[in-house]
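Start from the sequences and build out the full structure, keeping to the hints where you can.
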Amino acid sequence: MKVDPMGKLSLLLAWITLLQVPCTIAAAAAGAACHCLPEPPEPQYGGGVVRNADFSAGLQGWSAFGYGSLAEGSSPGGNRYAVATNRTRPYQSVSQKVLLQNDTHYTLSAWLQVSDGVADVRVVVKAAGDFIHAGGVAAKSGCWSMLKGGLTTVSGGRAEIYFESNATADIWVDSVSLKPFTKEEWSNHRDASASTARRKTVRLQATDSAGNPLPGAAVSLENVRNGFPLGAAMSGEILRNPSYQRWFASRFTVTTFENEMKWYSTEPAPGREDYSVPDAMLEFARSHGIAVRGHNVFWDDPNQQPRWVQGLPYPQLLAAASRRIRSVVARYAGKLIAWDVVNENLHFSFFERRFGWDASTAFYAAARMLDTGSTLMFMNEYNTLEQPGDMAALPARYVQRLKQIIGGYPQNGAGMAIGLEGHFTAPVNIPYMRAALDTLAQAGVPVWLTEVDVGGGASQAYYLEEILREAYAHPAVQGVILWAAWRPQGCYVMCLTDNDFNNLPQGDVVDRLITEWSTAPRAGTTDAEGFFQAELAHGEYKVTVTHPSLNTSVSQSVKVEIGSGSHYFIQV
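Under mature numbering (1 follows the signal peptide of the UniProt record, and there is no 0), the residues of the sequence shown are numbered -26 to -1, 1 to 546, in order.
The set of hints was computed from the structure by calculation and includes no laboratory data. Watch out, some of these pointers could steer you wrong.
Taking lysine-lysine and the DSS-like style, the derived pairs with C-alpha atoms no more than 25 Å apart in a straight line are [to be verified]:
{"hint": "1", "residue 1": "Lys153", "residue 2": "Lys100"}
{"hint": "2", "residue 1": "Lys71", "residue 2": "Lys100"}
{"hint": "3", "residue 1": "Lys516", "residue 2": "Lys174"}
{"hint": "4", "residue 1": "Lys153", "residue 2": "Lys71"}
{"hint": "5", "residue 1": "Lys71", "residue 2": "Lys174"}
{"hint": "6", "residue 1": "Lys533", "residue 2": "Lys114"}
{"hint": "7", "residue 1": "Lys157", "residue 2": "Lys100"}
{"hint": "8", "residue 1": "Lys533", "residue 2": "Lys516"}
{"hint": "9", "residue 1": "Lys114", "residue 2": "Lys309"}
{"hint": "10", "residue 1": "Lys174", "residue 2": "Lys533"}
Remember, it's a predicted structure, so these values are computed and weren't measured experimentally.
What follows is the structure in structure tokens.
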């Protein structure tokens, strides 16, 4: 018997009533643990400035921190490691004193295990009276998990690395690394990575109608569209401000509506839906070739529900949620490139606490049934890139939650994606950002920075450029949205222009990078075999070929992108 899509969707939404099993959210996350190893690998970079990084010399160079107890452990295979034992305070652990350099990026990694269960463990660098969180991991008993993080020093001097956890389990530590990089070294590596990830050497061959090569043909290339999606949020103000429209449409290829598609905006009272504003914004974007991300279907923060939703009894809430997802996803199905299906479900759990711990799984499955195309379905979360001290949003926890949503309903795996809000404050921890992206990339799904801004101050533009360059250089990142929707009363945190749409320093950064990440017009002539070679940024190009022996020229569209070939034929 066939089941119609709406009937199947109703069954799926009803299914969440069956998910209220005796399992807490924390236990569910632990059950979907990320991969860990029976033995840790060797320390990265040979340990960098850390002495006896692999504990092959026992505990030499290491100390107990916080009046704790320190012991040496060893595996049946002979691997040696440190054990912080008899712990009664979070900071009682393993430590080593190091000397830090001025104005230097550091990568930091370690392999960790706990004696019982699962425990959040973070690494802290104590320097000049400050306690710098440099990364964390959900460590487990029975296998080793990698903590990968980093920090940037302002001033050098003596410092101490140690680990901490609110759990009282023993902490096992091995293969610790703290590697310094000058700002120049870091930038050089980033530029090389960007070139590999975002550019390609292509060969264009001009031929006549018989397929014979045309040497000496004139070739010109014009960039039509940048291949790396860089956009900004837009507000409803764009519908009534021509200056805002011109400024926005001349720069950006992708957008997210700041608030206009959220539940509290489209259904301010039960059953009173109004999509007129997002409909008009979508039409504006479509008419200017700007792709749109849908933000959002649900928000797991209890304080961000429509007021009338917050106190609904269970049956009415289930009906309202069903109506919401049917309404908004079906309305815009096939018109968007992405949905933030459940916003911030690492920090909050409004729907999980009402429907059962796996409510998000059901919502993602329902969204995919309603929008069956190539639309990406995102988790969307803050502090995963920005704050190494936020244990709720650690990269490893993000991956765990992603795997839960897919594991509970395997069809969710098609089109799942990672959304990282990126609400940064200065100074920005760039090494941690790279480490977090490395960890998240292992999930093998698209990664976007979805709401990037930087807290105000004299360094706002500088750090915005650092963040954008870091994202662009990482091969896992497939797009960036700036959270800089304009409103006359001011932006959320960061504006790109003043109220007359003159660029602020942050806007200048964006314009400069848009130009840099595009390929300037190129021209030349084909060689003896009819080939013209050029290194091009990913994107769409108009290629025009003319030849002295022919009274014609030919223009052809060429797309240069990941996975495409590097050899193109232009027949004149």
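Hints versus structure:
no.	hint	verdict
1	Lys153 x Lys100	16 Å, holds
2	Lys71 x Lys100	9 Å, holds
3	Lys516 x Lys174	16 Å, holds
4	Lys153 x Lys71	14 Å, holds
5	Lys71 x Lys174	45 Å, violated
6	Lys533 x Lys114	46 Å, violated
7	Lys157 x Lys100	22 Å, holds
8	Lys533 x Lys516	9 Å, holds
9	Lys114 x Lys309	43 Å, violated
10	Lys174 x Lys533	11 Å, holds
Taken one by one, the earlier hints fail for this structure at numbers 5, 6 and 9, listed in ascending order.
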